[in-house]
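Using the hints provided, position chain B relative to the given structure of chain A.
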Amino acid sequence: MRDVYILGVGTTKFGELWDSSLRELASEAGLKAIMDAGIYAEDVDALYGANTSGGQFVDQEQIAALIADYSGITELNIPSIRIEAGSASGGAALMQAYLAVKSGQYNTVVVGGVEKMTDVPSEVANEIIGGSLDAEWETFFGATECSIAALIARRHEYEGSAKRENYAVFPVISHKHASMNETSHFRNAIKIEDVINASPVAEPLTVFDNAPISDGASALVISSDQKKIRESPNPIRIKSSSAANDFLSLHDRKKIDQFKAVAKSTKDALRLANLDLGKIDAFELHDSYSIATLIQVEEIFGKQGVRMTEGNDFYYNSSSPLNVSGGLKAHGNPLGTSGLYQAVEATLQLRGKAGERQVKDPRNFLIHNMGGLGTTSVSTIIGVD
Amino acid sequence: MSEVPRFWRESRHRYRLVGTRCGKCDTLYFPPRVICPSCRRESVGAMREEEMSGEGEIYSFTVVHDGLEQFKMQVPYVIALIRMKEGPFVTGQIVDCSPGEVKIGTKVSATLRKVRTEGKEGIIQYGYKFTITH
Numbered sequence: 002m003r004d005v006y007i008l009g010v011g012t013t014k015f016g017e018l019w020d021s022s023l024r025e026l027a028s029e030a031g032l033k034a035i036m037d038a039g040i041y042a043e044d045v046d047a048l049y050g051a052n053t054s055g056g057q058f059v060d061q062e063q064i065a066a067l068i069a070d071y072s073g074i075t076e077l078n079i080p081s082i083r084i085e086a087g088s089a090s091g092g093a094a095l096m097q098a099y100l101a102v103k104s105g106q107y108n109t110v111v112v113g114g115v116e117k118m119t120d121v122p123s124e125v126a127n128e129i130i131g132g133s134l135d136a137e138w139e140t141f142f143g144a145t146e147c148s149i150a151a152l153i154a155r156r157h158e159y160e161g162s163a164k165r166e167n168y169a170v171f172p173v174i175s176h177k178h179a180s181m182n183e184t185s186h187f188r189n190a191i192k193i194e195d196v197i198n199a200s201p202v203a204e205p206l207t208v209f210d211n212a213p214i215s216d217g218a219s220a221l222v223i224s225s226d227q228k229k230i231r232e233s234p235n236p237i238r239i240k241s242s243s244a245a246n247d248f249l250s251l252h253d254r255k256k257i258d259q260f261k262a263v264a265k266s267t268k269d270a271l272r273l274a275n276l277d278l279g280k281i282d283a284f285e286l287h288d289s290y291s292i293a294t295l296i297q298v299e300e301i302f303g304k305q306g307v308r309m310t311e312g313n314d315f316y317y318n319s320s321s322p323l324n325v326s327g328g329l330k331a332h333g334n335p336l337g338t339s340g341l342y343q344a345v346e347a348t349l350q351l352r353g354k355a356g357e358r359q360v361k362d363p364r365n366f367l368i369h370n371m372g373g374l375g376t377t378s379v380s381t382i383i384g385v386d
Numbered sequence: 002m003s004e005v006p007r008f009w010r011e012s013r014h015r016y017r018l019v020g021t022r023c024g025k026c027d028t029l030y031f032p033p034r035v036i037c038p039s040c041r042r043e044s045v046g047a048m049r050e051e052e053m054s055g056e057g058e059i060y061s062f063t064v065v066h067d068g069l070e071q072f073k074m075q076v077p078y079v080i081a082l083i084r085m086k087e088g089p090f091v092t093g094q095i096v097d098c099s100p101g102e103v104k105i106g107t108k109v110s111a112t113l114r115k116v117r118t119e120g121k122e123g124i125i126q127y128g129y130k131f132t133i134t135h
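Going down the list, the protein sequences come from chains A and B.
Be aware that the first sequence starts at 2, since it is given in the working numbering, and climbs by one per residue.
Be aware that the second sequence starts at 2, since it is given in the working numbering, and climbs by one per residue.
Okay, chain A solo, but in the shape it has when bound:
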């Protein structure tokens, strides 16, 4: 099996991008990634497109074909396939692209994610986001995705596993980091009191516990072409990518405040990369809801994870930098894109080009993208040789 490198990355700004359509966002990110990699469309063997709910947000399916078409590469007839795995679509597409290159079938692949969420009113967007739950046995009865996250939070606190502050702190960390990232949806700093006292969405969770509805696209060029890797000024290696799944619904799990899929995909990714947790210098976790971040932290760091929320460990200039991009919470959460922006951020950081929020000399990033609340989990380790 061959080593796979990230040669180029590109992203749009995330946010409420009224002037941009889905196809424009996707082309922008893809073109930036190709130019960053210093390659031409003729060098691309395949395109993998991540998108969660284009059919509902903008009435468009066959999104990968559309992206290839409007990126001007259709005359080359390269395969363009969309990957959907709820909000883990980005991570899942990255994994499929990685495996395709690693297998030897393709040498150079573009993997991009796009979501255009603000073309529908926010209530409709919330309904579409709820599509990752069980339509027959959860949403039918009025459950929203945030309400499911709230059920986890309430039970976790009830069992004495954590206090409100132990998860309310994550949006504060993400906003701090996003304030230093120019492509962020939000660039304002917030305090823990702001999170706890904001207007409730599904108690105990407030608007600040939820990642926003965002538009945005991100893309990467990955390759195992020796010549291109040699010519690249700073190739970054994908050391492993692994996925795992759990029951779709919370009501079918034995413990609702655990993400067993996260534990499994993380363990497998570390094993495949031949690394232990101590060798991971920074983390991008799926902070769609603050409580989801805490559960992921507990799965990765064990009980010590809760104590770490009480100090400064997770800031960019500390021991275990977490969501230095600004996370889904503050950099933005265009569903299918989010897992790919995590990889873009890791690449920028590993190149030492993340500006003000630069983590000091990182060698390995663990990025973790999730579909629903622990249903699909994709862990990818990106690092320097």
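Since the hints were made in silico from the structure, they are not lab data.
Just so it is clear, the structure is predicted and the values come from calculations on it, not from any experiment.
Backbone N, C-alpha and C define an ideal beta-carbon position, used for all residues, glycine too.
Among the hints, erroneous ones may be present.
[Unchecked claim] Simulated coverage check for chain A against chain B, where a stretch passes if three residues somewhere in it have a Cβ under 8 Å from a Cβ of chain B:
no.: 1; stretch: 129–138
no.: 2; stretch: 193–204
no.: 3; stretch: 249–260
[As the list claims (entries may be wrong)] Sample of chain A residues with no beta-carbon within 12 Å of chain B, all distances over it, derived:
no.: 4; residue: 14
no.: 5; residue: 19
no.: 6; residue: 29
no.: 7; residue: 70
no.: 8; residue: 147
no.: 9; residue: 181
no.: 10; residue: 211
no.: 11; residue: 280
no.: 12; residue: 282
no.: 13; residue: 305
no.: 14; residue: 353
no.: 15; residue: 362
For chain B alone, kept in the frame of chain A given last:
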């Protein structure tokens, strides 16, 4: 707008809380399944329908303030995870009470209610909701 069979198909399970019990390991599942996730292929053909009592207690709950379009008229409403007397967990609304009365451990029983309507001309859909047992 959906066609009638989409809801009619599940009405038996939703009206009377009918789950399925695995004839191999004896575990009761709700919602109903055709394959037991523990016994897998050993359970094929061995799943039997079984009606639950409707009695249970609240395992976790939330008060929803920002609801789905079809539930907008009901906010704030309570969504709970209920542990049924027979074992399975069920996701549903707690009604006929103020949110302040709902606690973890509160005993509830299922009741048949109108759950939602797809617009003015859509099908009226019924199913279970839960009320506090007094």
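TODO: Taking the shortest Cβ-to-Cβ distance between residue 14 (chain A) and chain B, state whether it exceeds 12 Å.
DONE: holds, 26 Å
TODO: Please settle this one: residue 70 (chain A) was flagged as non-interface, so is its CB more than 12 Å from every CB on chain B?
DONE: Given a closest Cβ separation of 31 Å, the condition holds.
Task: Within 8 Å of chain B's CB atoms, at least three CB atoms from the stretch 193–204 of chain A: coverage verdict - done: Our answer is that it holds, as 5 residues pass the Cβ test (under 8 Å) against chain B, meeting three.
- [ ] Test the statement that residue 353 (chain A) is away from the interface with chain B: the closest C-beta pair must be farther apart than 12 Å.
- [x] The claim holds: residue 353 (chain A) sits with its nearest Cβ about 41 Å from chain B, beyond 12 Å.
Task: Reported absence of residue 282 (chain A) from the contact zone with chain B (all CB gaps over 12 Å) - done: Answer for residue 282 (chain A): holds, closest chain B Cβ roughly 36 Å.
Task: Non-interface claim for residue 362 (chain A) versus chain B (Cβ beyond 12 Å) - done: holds, 42 Å
Task: residue 29 (chain A) and chain B, when compared Cβ to Cβ, separated by more than 12 Å - done: It holds; residue 29 (chain A) is separated from chain B by about 31 Å at its closest Cβ, greater than 12 Å.
Task: Assertion that residue 211 (chain A) lies farther than 12 Å from chain B (Cβ) - done: Its Cβ does come within 12 Å of chain B, the nearest being 9 Å, so this is violated.
- [ ] Please settle this one: residue 147 (chain A) was flagged as non-interface, so is its CB more than 12 Å from every CB on chain B?
- [x] violated, 7 Å
TODO: Please settle this one: residue 181 (chain A) was flagged as non-interface, so is its CB more than 12 Å from every CB on chain B?
DONE: holds, 30 Å
TODO: Find the nearest Cβ of chain B to the Cβ of residue 19 (chain A) and say whether that gap is larger than 12 Å.
DONE: Given a closest Cβ separation of 22 Å, the condition holds.
- [ ] Given that the stretch 129–138 of chain A was listed as covered by chain B, double-check it with a C-beta distance under 8 Å for 3 or more residues.
- [x] holds (count 4)
The earlier numbered hints that this structure contradicts are 8 and 10.
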